[in-house]
Amino acid sequence: MENDGLTDARLRELYLRAFAKGRGGGGRTKCVAPEAILAMLRREGPEPERLEALDHVMACGQCRPEYELLRSIEQAEADRPEVVSLLSRRGRQAIATFALAASVLLVVVVGQKLGSHQEPDVARGPADAVALLAPETEVDSGPPLTFAWQPVPGAREYAVEVLDEQGRVVASMVTERTSATLDGAIRLVPGSTYRWWVRASTAAGDQRASPLRPLRIRSK
Amino acid sequence: MAGFLLTSPRPAAGRAIAFAGSGAYGGLRVRMSSVLDTFSSELDGLLARFAALVRRVGRQHRLSDADLDDVLQEVRIRLWRAHSGGGGRTGEQIEQVSASYVYRTAVSAAIDLLRRRRARGAERTVALDEVEEPVSETEDPTRSVEEAQLAAQLARAIETITPSRRPVVRMYLAGHSREEVAELMGWSEAKTRNLLYRGLADLRERLTEMGIPWKTTG
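Chains as they are written, first to last, in the working numbering: chain A, 1 to 220; chain B, 1001 to 1218.
Hint data in this document are derived by calculation from the structure and do not stem from the laboratory. All C-beta atoms, glycine included, are put in the ideal place defined by N, C-alpha and C. Accuracy of the hints is not assured; some may be wrong.
Which residues of chain A face chain B? A few of them, derived with a C-beta cut under 7 Å, are [to be verified]:
hint : residue
1    : L6
2    : R12
3    : D55
4    : A59
5    : E66
6    : D140
7    : R156
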């Protein structure tokens, strides 16, 4: 094959192309465990093992994004200005009050669940996720929005959340039904993109969640 | 039971947003909403600041926003669980919600998330460089094949680099700086530079043998 000589930029382009799909295919049996990626980021363990892990991660199109996720979280912690409580006194007082009120409410509403503190796993993924039905990913502003999803067998209640572009929860509700409607008098901001999701809780305490679905409000 | 609000309506970009429906707990619900709203606001603010930090760090190397969103969701769920009475925590423990606590929760949530995905075989993580390149109708098929061959040759050439140097070369080609390599491995700048230059020399030699000249500036 003829070429006039590769530049560094071209070589990097080819590199990403060469290793975009991972190595060898057929599952991830040779991939580095997430814990090993974390250990590598924290410089834990012998150097040869960390080098071997790094060699795989940098050549694996599946491990590399995982490495990047963990690296970004680790680095963000290192870059954080100082370790201080970010909750204000007002917030702390509110939380303490909340804890008391929540415990009272829990006794009244879900008393039968007290004593069972095992942390249920929130399953999320194509196989067992809550299937979202409506709205579509882009809607007109104006009409009241109804969120709907497929019922989950055994679900006691559903929690639906709407997040804004910064990931803040802008609305949240728990319902036994499989739909919830936003107050028609109040609109989501046209031109903005939100995300929403639903989490189902069963009487046994198991939880299943939907993926996040984007929701763009069209500008008129 | 219609359920109760976890978070009361909160201004979003200057507008309040609320779900319609009647509450079942009257005044208690209103007070709970107010308290929960305060907690939720604090928590959301804390998570938003944390997310901004992570995104800033990850931007350079194409951190997947979807991945980070999933982690933040997990963190939010865990903090809610831990601080809503279900986890058996006391008010004193609740006060210890700090950036450091959020960080630890995020790491744990990310590891669990990756484990679950692998267990399911789900491949939701899709970085930009992993997206299948669309085959353009106008693209020369011969050129496309040549590109694939060239990439395969490069992959083979890299495999021949001395193992101690190879990961450094990979990081360089993946777009990471020498400083990042040094930081990750805990090496001095001199050691990192030495390994990188030797590794690149290995690669150049092998590519030349393959008839692929490389005008490196590295």
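Comparing the hints with the structure gives:
{"no.": "1", "hint": "L6", "result": "holds, 5 Å"}
{"no.": "2", "hint": "R12", "result": "holds, 5 Å"}
{"no.": "3", "hint": "D55", "result": "holds, 4 Å"}
{"no.": "4", "hint": "A59", "result": "holds, 6 Å"}
{"no.": "5", "hint": "E66", "result": "holds, 5 Å"}
{"no.": "6", "hint": "D140", "result": "violated, 16 Å"}
{"no.": "7", "hint": "R156", "result": "violated, 10 Å"}
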